[in-house]
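Student: Below are the chains, spelled out letter by letter.
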Amino acid sequence: MNQLTPQADVIIPGEWHVRYNYSAGLVASQFLNALRERKILASRCSKSGIAYVPPRAYCESSFERCDSWVEVGHRGVIEAATIVTAAFDHLPPPPYAIAYVRLEGASTALLNFVRGLDLSDVPAAAAKLQPGARVDVRFRDDPEGRITDFHYEIS
Amino acid sequence: MARETAAVIGVGQTPYRIHHADKTYVELAQAAAKIALDDAGMTPDDIDAIVFSMAPTEFMGVNDVDRWANAHVWGADKPFMRINTGGATGGSAAQAACDFICSGVYDTVLVVGADRVAETPDAQHILNLIWDPFYEQDFALNTITMTALAAQRYMARYGVSEEQFARVAVRARRNAVGNAYAHLKGEISIEDVMTSRRIAWPFKKFDICPRSSGAAAVVMTNKKIAARQCARPAFVTGRSAISHTVFMGDRLGLWSDTEFADHDGFWMAGQAAYRQAGVIDPWREIQVVELYDPFSSFQFPQLEALRFCAAGRAAAISDAGGLDLQGGGVAVNPSGGTLCTNPIGVTGLVRFIEAAAQVMGRAGDNQVSGVHRALATAIGGSTQFFTCTVLSDDA
Numbered sequence: 000m001n002q003l004t005p006q007a008d009v010i011i012p013g014e015w016h017v018r019y020n021y022s023a024g025l026v027a028s029q030f031l032n033a034l035r036e037r038k039i040l041a042s043r044c045s046k047s048g049i050a051y052v053p054p055r056a057y058c059e060s061s062f063e064r065c066d067s068w069v070e071v072g073h074r075g076v077i078e079a080a081t082i083v084t085a086a087f088d089h090l091p092p093p094p095y096a097i098a099y100v101r102l103e104g105a106s107t108a109l110l111n112f113v114r115g116l117d118l119s120d121v122p123a124a125a126a127k128l129q130p131g132a133r134v135d136v137r138f139r140d141d142p143e144g145r146i147t148d149f150h151y152e153i154s
Numbered sequence: 000m001a002r003e004t005a006a007v008i009g010v011g012q013t014p015y016r017i018h019h020a021d022k023t024y025v026e027l028a029q030a031a032a033k034i035a036l037d038d039a040g041m042t043p044d045d046i047d048a049i050v051f052s053m054a055p056t057e058f059m060g061v062n063d064v065d066r067w068a069n070a071h072v073w074g075a076d077k078p079f080m081r082i083n084t085g086g087a088t089g090g091s092a093a094q095a096a097c098d099f100i101c102s103g104v105y106d107t108v109l110v111v112g113a114d115r116v117a118e119t120p121d122a123q124h125i126l127n128l129i130w131d132p133f134y135e136q137d138f139a140l141n142t143i144t145m146t147a148l149a150a151q152r153y154m155a156r157y158g159v160s161e162e163q164f165a166r167v168a169v170r171a172r173r174n175a176v177g178n179a180y181a182h183l184k185g186e187i188s189i190e191d192v193m194t195s196r197r198i199a200w201p202f203k204k205f206d207i208c209p210r211s212s213g214a215a216a217v218v219m220t221n222k223k224i225a226a227r228q229c230a231r232p233a234f235v236t237g238r239s240a241i242s243h244t245v246f247m248g249d250r251l252g253l254w255s256d257t258e259f260a261d262h263d264g265f266w267m268a269g270q271a272a273y274r275q276a277g278v279i280d281p282w283r284e285i286q287v288v289e290l291y292d293p294f295s296s297f298q299f300p301q302l303e304a305l306r307f308c309a310a311g312r313a314a315a316i317s318d319a320g321g322l323d324l325q326g327g328g329v330a331v332n333p334s335g336g337t338l339c340t341n342p343i344g345v346t347g348l349v350r351f352i353e354a355a356a357q358v359m360g361r362a363g364d365n366q367v368s369g370v371h372r373a374l375a376t377a378i379g380g381s382t383q384f385f386t387c388t389v390l391s392d393d394a
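For the record, the sequence lines run as chains A and B.
Just so we're aligned, residue 0 is where the first sequence starts under numbering that gives the first Met the number 0, counting upward by one.
Just so we're aligned, residue 0 is where the second sequence starts under numbering that gives the first Met the number 0, counting upward by one.
Next up, chain A with everything else stripped away, as it sits in the complex:
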């Protein structure tokens, strides 16, 4: 056998292909189906008074079942936001803005895209997305029961 100089020169390529069908359950199904009618529903616990979006089956504060649905408003305030300017494979093409927004009547903040804002000057756009900035909900023309049926726009 020849004398070989050890060399770490082997690289084996790999790729994963995995498919799923996620069952949404009763609570998420009700929320997502309501989006088709352009309604954003919160699940409310009468004991704690907390109105959750996204909705929960049980209240995480009182440990009681959320016992009613309430429709939240289509206006709200930004609690946190960012503008993404780098491309990541399998994620949306940049630039785009996302924000957690507390909608009128909701106790918690809900994440979505903020559209309709000129993102070419990032610091200038960021100044418009400060916590406290007011936004409106805009639904797409053909809602299909997905969280992406709507987005936010600066009021």
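Watch out, some of these pointers could steer you wrong.
Said to hold, decoys possible - So the derived list for chain A, only partly shown, Cβ under 8 Å to chain B, looks like this:
#  : residue
1  : 17
2  : 21
3  : 25
4  : 31
5  : 83
6  : 84
7  : 97
8  : 99
9  : 106
10 : 111
11 : 121
12 : 126
13 : 130
14 : 132
The set of hints was computed from the structure by calculation and includes no laboratory data.
These figures come from a predicted structure and were not determined experimentally.
Positions of the beta carbon are idealized from the N, C-alpha and C atoms, including for glycine.
Following the hints, complete the assembly by docking chain B onto the known chain A.
Tutor: Chain B in isolation, oriented as in the chain A frame:
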């Protein structure tokens, strides 16, 4: 508090870099295990159980890789378990070993793990998949955007600037020069950080950690065996962990008892760990802090939540040099921290090891003088798992 106290008697790390072409994943973990065992003056026969520190395995690409790793880290015929709390994994793994030792279940435990985050170009895609597919996955959440949201809110609350975050990155790279294992190191300027490519407001490229590969291991045991094996062990005198809901929006609501921007989990975890360790004034009683800081925005809220200073004050202390390696008040991340090196599955363990090494007087070129107490932290998941561990030279 438990009567038994866990002690670190051996540590091991490989260098961290983008790739380790000379070893497989499991050989990398094995290398760190061997170094830690040698450091402790032990062989695998002395180990009663193994805690394997590994976060998502999709980065390195073999599912549930603890199976493959078991015998390579000499786990065959022993109790063996994997811990995964995302970025907090290494902190949780070290705490699990402490719990075994303090409860008397096992005397000597090896904590070991490795990661190869750059084995795939799809790391941020994989990280996006920790959020649910109904409400949040569609909005490109990943570790960078999630943290950018918190940083934006923190800046608005306290008037902190991008330049003040940039100074943290500059200090980290400078500290890392003395760390033989660190991935990124060297002098950079605030202007270099400010002019690096924008990724997600307010972050530029140099505000963000690299994707690292490498391995870490630690041997922990009880007081009796520590006295026999090690001249100056590091004792775990305080430890606590807190977890939150995955929904960051809950922590931005009117009723929330935590504030998303403030890393409030550390306020709770810190209180408990300090009480166990007898720490009243952390600024005066802790000399070294190894914070989990994959982004330049992480140090300030952590130091504030851990009561090193009042809320909103850390940036000014940083500007004045109060967090510098030498001559500052508290040495923050003498190793360079997570900003310079992030092998996710063991990053929390690296913080724990670096804090232990400072207490043991074995931190090499980055040894801070007169260290009696050091603190190590880790954060994981949707900014939701927080671990906080105090190491001391006195049990």
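Student: Against which earlier hints does the structure fall short, listed by number upward?
Tutor: Numbers 1, 3, 12, 14 - these are the hints that the structure violates, sorted from lowest upward.
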